[in-house]
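Visitor: Residue-level listing of the chains:
Protein chains: 2
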Amino acid sequence: MTEITIMNGVNTEKLFGTIDAIKEMPSLAKFNFRATNKWINGGHNRSTIKDFYGAGQEDTSRKIPFVVDNDEPAVLLGEDKGANPVEYLLHGLAGCLTSSLVYHAAAQGVKLDEVESTLDGDIDLRGLLNFPENIPSGYQNIRVTFRIKSEAPREKIEELCRLAKKVSPVCNSLTQGVAVEVKLADAATKSA
Amino acid sequence: MTEITIMNGVNTEKLFGTIDAIKEMPSLAKFNFRATNKWINGGHNRSTIKDFYGAGQEDTSRKIPFVVDNDEPAVLLGEDKGANPVEYLLHGLAGCLTSSLVYHAAAQGVKLDEVESTLDGDIDLRGLLNFPENIPSGYQNIRVTFRIKSEAPREKIEELCRLAKKVSPVCNSLTQGVAVEVKLADAATKSA
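Protein chains in written order, with our numbering: chain A, 185 to 376; chain B, 185 to 376.
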């Protein structure tokens, strides 16, 4: 076997095998991702990420959880013990667009040498303060600029950027919107 | 001065001062958050988060950047060197809802003893694979359940949960949607 099965760090043999398996059994594509979070103080809180469901079963490959802290910088009354939540949103978007681009490039046999991106977005904090009440609190816009080194034609790289924007789960969640249900636990609540 | 100015770890004197300043000069509420990301290999990439604009100036309080890695678990062809992007999205959402709730509780004089949350969301990976082409790639839904310990009446805590959902920038970005511009750098592109 002289066939190259690794492209852009992605095992394309496994990738095509996964695609074939999902074509035969679409339920294998159903994933459920999770996080738990505990408030520490002020704007400082900590998430624990470990288990998820996917490919038809509970994943047990992670032996230790990922632990990540949110905080706010001094100007937002925090102690800066971690990036803040809206910055983590940009981190997730950057990673998701990049991986989507890298995996699809691998599937198409397009070798990438370097992929870098810069992201920024505008927020009007009056929305968070709820004064005045009609100001949206979320990002007004998010700009992502990729710098990509590859021997592939620029047109192909531009096509991959468009595809990444379309298929990236984080990007799609942001552009299409997601129904978010926020509830206070009933029996389990500790509230008096 | 015997007035208590710290509630839930939030300096309410500074909080009310910030609110008053923004009421006088709304432009102080304009923030621009940023992240840069560099692909490492396969599903592994790294974000750097440091500078932002807000309160009328470039923030210079952070001396060293926050560095965070995305990767994918083995079942998604990664090496699990970090949580994945859709998990970081849940982390940001958890932190943003929690801080929004904690800050508004502080502003209302509601003391919180404990705040914990569990989040999960469903994704159909066929959207990411782009096969079939009509499957949305993003979260189909996200569920957030808070467990809160406080001596305040449950009705007040429920009200704060509703307020947090409304004013949280990450939650609002997800529920209302955001225009995301993805472009390939022109002159700066390294693509052949």
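Since the hints were made in silico from the structure, they are not lab data.
Possibly wrong hints are sitting among the right ones.
Because identical chains share one entry, a pair is satisfied inside a single copy or across any pair of copies.
To be verified - Lysine to aspartate or glutamate pairs mimicking EDC-like chemistry, simulated, CA-CA at most 16 Å apart:
id	residue 1	residue 2
1	Lys222	Glu300
2	Lys349	Glu242
3	Lys234	Asp304
4	Lys198	Asp304
5	Lys214	Glu365
6	Lys350	Asp204
7	Lys265	Glu339
8	Lys349	Glu317
9	Lys265	Glu317
10	Lys295	Glu335
11	Lys295	Glu317
12	Lys295	Glu263
These numbers were taken from a predicted model, which means no experiment stands behind them.
Visitor: Identify every previously stated hint that the structure contradicts and give their numbers, smallest first.
Guide: 2, 4, 5, 6, 7, 9, 11 and 12
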